[in-house]
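Visitor: Here is what each chain is made of, one letter per residue.
Protein chains: 4
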Amino acid sequence: MGSFKGHALPGSFFLVAGIWWTGKHSLWHATRRNKNIGSTRLASRASQRRLEIIESSVVLFFSFVGMLAEQFAAGGPRLQLYDFAEKHWEYLMNWQHATMYLFFGLAATVNLIVHTTEVAPLALDRLMLAIAFFNEGFLFFYHLHGRSMLDVHVHQLLLFAIFGEAVVAFLEVFHRGNIILELLRCTLTVLQGSWFWQIGYVLYPPHGPEWDLNDHNNMMFITMCYSWHLAFAMLIVSALYCTVSCVVRSRLRRTPPMEMGLLKPRDPESEDEIL
Amino acid sequence: MGSFKGHALPGSFFLVAGIWWTGKHSLWHATRRNKNIGSTRLASRASQRRLEIIESSVVLFFSFVGMLAEQFAAGGPRLQLYDFAEKHWEYLMNWQHATMYLFFGLAATVNLIVHTTEVAPLALDRLMLAIAFFNEGFLFFYHLHGRSMLDVHVHQLLLFAIFGEAVVAFLEVFHRGNIILELLRCTLTVLQGSWFWQIGYVLYPPHGPEWDLNDHNNMMFITMCYSWHLAFAMLIVSALYCTVSCVVRSRLRRTPPMEMGLLKPRDPESEDEIL
Amino acid sequence: MGSFKGHALPGSFFLVAGIWWTGKHSLWHATRRNKNIGSTRLASRASQRRLEIIESSVVLFFSFVGMLAEQFAAGGPRLQLYDFAEKHWEYLMNWQHATMYLFFGLAATVNLIVHTTEVAPLALDRLMLAIAFFNEGFLFFYHLHGRSMLDVHVHQLLLFAIFGEAVVAFLEVFHRGNIILELLRCTLTVLQGSWFWQIGYVLYPPHGPEWDLNDHNNMMFITMCYSWHLAFAMLIVSALYCTVSCVVRSRLRRTPPMEMGLLKPRDPESEDEIL
Amino acid sequence: MGSFKGHALPGSFFLVAGIWWTGKHSLWHATRRNKNIGSTRLASRASQRRLEIIESSVVLFFSFVGMLAEQFAAGGPRLQLYDFAEKHWEYLMNWQHATMYLFFGLAATVNLIVHTTEVAPLALDRLMLAIAFFNEGFLFFYHLHGRSMLDVHVHQLLLFAIFGEAVVAFLEVFHRGNIILELLRCTLTVLQGSWFWQIGYVLYPPHGPEWDLNDHNNMMFITMCYSWHLAFAMLIVSALYCTVSCVVRSRLRRTPPMEMGLLKPRDPESEDEIL
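Chains as they are written, first to last, in my numbering: chain A, 1 to 275; chain B, 1001 to 1275; chain C, 2001 to 2275; chain D, 3001 to 3275.
These aren't lab readings, by the way, just hints derived from the structure by calculation.
All residues carry an ideal CB built from backbone N, CA and C; glycine is no exception.
Incorrect hints may have been included.
[Unchecked claim] Partial list, computed: chain B residues near chain C (C-beta under 10 Å): (1) M1100; (2) V1119; (3) A1120; (4) L1139; (5) Y1201.
Working from the sequences, and respecting the hints, build out all of it.
Guide: Right, dumping it as C-alpha cells:
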C-alpha cells in the first residue's frame, strides 16, 4: 500500500519545486524593486515568460510520466478500473495518485496557455494551482480510513501544508505579486516536500527499527518534529531569498546601466502586477 | 424517499445553469476586453439587462413550477404540513425541496428587481445567490441523519460544491465582475449538476446491479470520482470560455466598427463594474 | 432553567433592534445616494450623530437593566457567585446572561465614546459589536452540554445567526457603509429575534401539547423552519428598505431643494465613509 | 508535568508584551493623526525604528534564555532527545516549550532584520508573528490528549486567543497600520497572559482547595470567566489607549511646534503605511 520510495519521490519533487519557486519569485521581486537602476537587464518580461513556459512544460512532462508510471509500472492497473469477475475496484491507490498528477498536469497546461496566448486571464494560473493543491488535500483527507494512529496523524499534519498552500494560492488570485504570499507558498511547498521524506522514514524506515505506530509519545514527538520542519523550510527559503537579493544588487552595482537612454518610457514590465 | 429521476432533474437544471452562466460571463468578459474595437455592438448594456431579466424570469418560473410540483404531484403534501390525527409531520422531504426552490425563487425575484428598477443596490443579486446556495447546503447538511455510509458520503461531497458556490458568490459581492470568480462559480455549478446525476446512478441504478452502500472501497472510488467530475467541469467551462472568446474576436475582426463615430464618449457600459 | 418569557424577551429586543437598524441604514443609504438633490436636509451629519447617541444610550440603559434584573429579580444570585457552605456555583445561568448583557453594554459605551468624542477610531463600534455577538455565541456554544437532542439543535441553529452577525460586523470594520453588509446584519438580527420566539414556543409551549424533544422528524421540521424564518427576515428587511427608499425619494421630489445655494461646497457628510 | 510557576511565567510575559504593544501602537497612531501639529517630534521615524530594534532584541534575548532554561534547568533534557537504552522520548514537554520559544525567537530575528536592513519586505514581521502564534496554538492543540476534562477545556479556551492572534497578525500583512487590528491583537495578547495565570490558579492552586477537574459546573463557570478576562483585557487596552492619546494631545498643545518651518514638505513618516 505504500513504500519508502513512494514517499521520497513526491517529497523530492516538492522540495525542488519549492526551491525553484523561491529562486524565481525572489529574482522577480528583486527585479521589480531595483527597476530604477536597470534591473530589467537581468529579468525582462520576455525572459520571465520564457521561464514560465519552461517551468510549465517540465511540470506537465513529469505529471504525465507520473500518470503513466502509476498505470503501467509493475503492479499497476493498466487502465483497468473495475474487476468485473471478482467485483471489486482495482488498484484504487494507483488511480488516486494518477488523479493527483492529473490535476497538477491541468494546472501546468493552463499555465502554458496563460503565458503563451492572450485568451485567458492571468490570475487563472494561481486558481488552478489552488485547485490542484485542494484536490491533493481532498484525496488525502478521505485516504486515511482505518489506518493506525500514527499513520493517520502524519498524513493529517501533511494536510496543514497542503490546504495552507491551496488557501495562499487562492489569495494570490487577488493579491498577485505579493512577495509575502509567494514566499509563504514556497515555504509550505518545501515543508510538504521534507515532510514526505519524514513520513517515509517513519512508516517505512529503510534501516533501523520500526516505529510503534500506536505510542502516544511518538505522536507528540512527530507533532513537534513538524514544527522543526517548518522552521527548517523557513530557513531555506529566507536564505535563498537573501542570496538572490544580494546577488542581484551587487551585480547591478558593478555594471552601471549603460543602455538607460534606450529604455522606452512606458515599459511593459508593469503588466506583471495587473490581474 | 428518493429516486433516480429526483436526482437527474435538479442535476440537469444545474448543468444547464452552469453552461448558460459560462456563456454569459464569457461573452461579457470578451465584450469588456475588446471594447476599443467596438465590441459593444455584440452586447450592449441594454441587451445585458434584457438577458438578465429573461434569465431571472425563467428561474422564477421553474422554481415556482418546482414548488407546485413538490406540493401537488402524486404523493405530495398538498400544502398540509402536520397530520393532527396521527401526530406526525407530513412529507417533510417534499417540504424541504420546496423550501430550496423558494430560496432560488427569491434570488430570481431580487435579480429581477435589481435589473429593472434602480431601488436596490446591484450587488444584492450575488448576496441572494449566496444565501440561496447556503440554504440548499444547510438543508442538505441536516438531511443525512441515519442513512447508510455511502449515501451520506455522496451527499457530503455535494456539500463541497454547494458551500463552495455560496462562498464564491459572497466574494463576488466585493469583487463584482472578476472573471476568475465567475468561472469558478460556473465550474462548481456544472460540478453540482453532474454530481446529482452521479448520485442518482449510485443510489438508484436504473439498470445494472445495486451498489453495496457499506463497502469502503466504493467510498474511496466515489471520492476519486468526484475529482474526475471536477476535472470534467473545468474542461467544459474552459472549452466554452475559449470558444466564446475566439468567436467574439473573429467576428469583431471581420466586421470593422463602422458606427464608431456614433459612439458617445462616456458610454454607460462601465456601470457594470460599479458595486 | 429557562422559560417562555426568558426567550421571548431577548427575541423582542433583537426584533426591535433589527427593524431599527434596517430603518437607520436604509435612510442613510438613501441620503447618500440622493445627495445631489438635497437629501442632506433629511439626515444631516449632526442628526446622524444624535441618532447614534440616542441608540447607544438606549442599548446601554437596557443592558444595565438586564444585568440588574438577572442579579436581583426573584431567584437571582444577588451578586453571590459561589456558595462556600455547599461548595457549588450559584445561578450560573443568570451570571452567563448578565455577562452577555455586559458585552452589549460595553459595545454601546464604546459607540457613545466614538460618536461623542474624537479620541477613538470610528470603526471601533463595529469591532465591539462583533465581539459582543461573538461572546454571545461563545457562551451559548458551551451552554448546551447534556440537554435533549431538539433543545441542543434549536440552540445550535441560533449560532448560525449569531456567529454570522459577528463575522458580518467584523467585515464592516473594513467595508464600512457597505449597504449589502448592513442589510445582511439587519436580516440576521431579525432572524435571531424571531428564532428566540420560536425556541420559546418549541421548548416551553405556552398552550398546546409538549414537543417530543427526541423525535428525529421534529428536528428535520425545525431545520426547515429555520429557513422559513430566514426568508421571513429577508422579507421584512427588504420591505422596510424599499419603503424608506421610496419615501425619501418622493419627499425629495415634492419639495425641491430651495436652500441649495446655502450649501457649503465641501460638506462633512463624506466623513461617514472614512474608516 | 506542569506547575503554577510554569503558567505564571509565560502569562507575565504575554501581559507585559500586550501592554507594551498597546502603548507603542497607541503612541504611533496618535503621532500619525496629529502630524499636522508637529507630533513627529514625539516619535520620529528614526525613533520608531530604534524602538522596534530594542523590542526585537529583548524578545530574542528572552526566547534564547527560555530555550536554555527549558534544556538545562533542573530536570531538563540537556539536549538529549531520545533515550536509546530505555527506548523512549525524553522530556517531550521541555522540548515542545523550547520549540515555541524558538519560533518567537525567529520572529524577533526577522523583525530585527526587517528594521535594520532593507533586504526584507516590511510586512514579513507580521507574517512571522502570525506563524509564531500559529505554531504555539498548533503545539497546544496536540498537547491535550488524555488529560482531565477541565484541563483540556481551559487549554482549549486559550486556543481562541492564540489562533485569534495568528489570524489578526496575518490580516495585518494586508492592512498594516490599521489601529483596529493592532488594538485587537494587543487585547488578545493581554487575554492570553491573564488566562495563563488563571490556568495556573485552576490546575495548581497555590493555596486553597483543589478544583474538581471533572465537574461540569466548574466548566461552565470557567467559560464565563474567560469572557470576563476578555472584558478585562479590553478595559486595560482601551484605558491605556485613551491615556496615551490624551497625553500626546495635551503635550502637543502646550508646546507649539516652533520648528515648523524646518520641516521638509515630504516627510518620510508616510513610509510607515507602505507595505
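Visitor: So, for every hint listed, does it hold in this structure?
Guide: Hints versus structure:
1. M1100: holds (8 Å)
2. V1119: With a closest approach of 5 Å, the B/V1119 hint holds.
3. A1120: holds (8 Å)
4. L1139: holds (6 Å)
5. Y1201: Constraint on B/Y1201 not satisfied, violated at 26 Å.
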